[in-house]
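Visitor: Chain by chain, the residues:
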Amino acid sequence: MKRFGGPVLFLDRDDINTDEIIPARYLTEITKGDLKPYILEDLKLTGFDPKGPKTKEARVIVSRANFGCGSSREHAPWVLEVNGITAVIAESFARIFRQNMFNCGMAAIELPKDKIDKIFHYAECSDASIEIDIEGQQIIVKGSGSEEKFQLDMSPFDKALVMAGGWVDYADRNY
Amino acid sequence: MGKTTAEKIFDEHLVDEPFPGSKVLRLDVVMCHEITTPIAIADLMSRGKDRVFDNSKIKAVIDHVTPSKDSKTATQAKILRDWARRQGIKDFFDVGANGVCHALFPEKGFIRPGYTVIMGDSHTCTHGAFGAFAAGVGTTDLEVGILKGVCAFREPKTIRINLSGKIPKGVFAKDIILYVIGQLGVNGATDCVLEFRGPVVDGMTMDSRMTLSNMAIEAGGTSGICMPDMVTVDYLWPFIEKDYISKAAALEDFRKWWSDDDAVYEKVLDFDVSDLVPLVTYGYKPDLVKPVTELEGTIVDQVYVGSCTNGRLEDLRVAASILKGKKIAPNVRGILSPATPKVFQEAISEGIIDIFMEAGFCVTNPTCGACLGMSTGVLAEGEVCAATTNRNFAGRMGKGGVVHLMSPACSAATAIEGKIADPRKYLP
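Chain order of the listed sequences is E and A.
Numbering of the first sequence is given in our numbering, commencing with residue 1 and proceeding in unit increments.
Numbering of the second sequence is given in our numbering, commencing with residue 1 and proceeding in unit increments.
Be careful, since some hints might not be right.
Said to hold, decoys possible - Computed footprint of chain A on chain E, listed as stretches where at least three residues anywhere in the stretch have a Cβ under 8 Å from a Cβ of chain A: (1) 20-26; (2) 29-43; (3) 69-79; (4) 100-113; (5) 167-175.
If you're looking for bench data, these hints aren't it; they were derived computationally from the structure.
Yeah, the Cβ is synthetic: ideal placement off N, Cα and C, and Gly gets one too.
Please work from the sequences and hints to get the whole structure.
Guide: Structure representation (structure tokens):
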């Protein structure tokens, strides 16, 4: 099964919306790969550069509440995927974005606010990384020589979708 | 224990519950447009599964960028068009017959109370105005919907919004839903259905109810549901006439979808609309709303009337009642996009289009276009638009542009003054 983890991109704001993740002007692309250069292009956050090395290296995004709100465009998880980011950890997600992530076999992981706050302490570490063990239901956050573990609670259906590699394969087998 | 409308629809359509709380539903309508469907079609083809579960239950429209503006959008349109032909999808709407999906499909009578509806478009919640469970989904859900006629949902809880009181002058369905979103917050209804109830909703036309339901997603809601009553029956009558002996019989049948009196709600919120004032959004989230009086005087570059929120005949009528005999301010570009060809034609025969054009508005063909910054009214960096649309995200109507959401009445007053203006002084 797919491995989740690696360097982290911290996006410290609530309500990061799908237009910020991938603006509508790029929805005319008809392959996922063509979306690659436009990741988070319209997101304005202090210290964040959509074209910077942190965005390029990232395999996991950590953010706050209501991540992925707005449009139903699956281009949002796709643009993350084609840039190597296959997991987002946040306090909460908008429903459609969250479902789109699992439908693509990617992970949208919700953690309570106090845990997200703890993970954000690692934002200052230049080597911050996260390992996500879906089966072991555990998240390991590392940075500047320290390490912390967090319990991962994923609904059994979401887990089944991740294991199946997405909803199309799951549905094709079952319905 | 009683059930909500959403729970009744879930029970009736349940195909599987692979895990507790995760429900796979049979779909009554799968709707498709040219932005989110082509990748689903391509994926089905690559899997050797280029087929549809039932071509009579699939509705397709080219609406987001139409007529196509460049070769990329022409390719998207062509993929959808070729697929619709290949699959024998008879309810396919192309240039000349196309309009904004969430205005066009209700108008064609495709939605019924109790239906399950999905589309690869977040504003699919609009169709809940007919007492249906209608939800926006991504391309993968759409793809499975097209192939298998099913979709999985976490069973939603329902938040009941009771709207009572007398709607004051200058206040419309748009102001009411902006107020509700302001109260709930942009994620106040995540994984929930919003149920709009009470005498205010009972007194609303289907056009107004669709405006309410349309913006449920802006509070994070899965669907926005109104109870199907005689207003619903009247709207649908040309399409259901053959199925019922009388309107009373249709109403009786629709009643079965009403939430039971002892249904259990996540939350019940009571709002008296009597003291509401026209509202306008500021900032970049639709829950940031202020009375128009606090934003009055904000200079705008463009006024946009249209979209699945407020591009219907009723919206055009009220805007025209304010614009009649007046000119829009010289600093403003006015754009009217009637939501469907039928709305456009009726607006022509009622003289509404004349009023808009004499006021100085440009009238475009029906399209989603400018609402999401794709065509026919994209903003330049730093420009400000007063819009009857549904989303004010940063750059939504064009990179660096600012959007203030408001009612059609407020947008008409704003167009006349060239700055955000209170519609009440223009209304009788």
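Visitor: Each hint needs a verdict: does it hold in this structure or not?
Guide: Results for each hint:
1. 20-26: Result for this restraint: holds, n = 4.
2. 29-43: holds (count 5)
3. 69-79: The restraint on the stretch 69-79 of chain E holds, since 7 of its residues have a Cβ under 8 Å from chain A and three suffice.
4. 100-113: Satisfied; 3 residues make the cut.
5. 167-175: holds (count 6)
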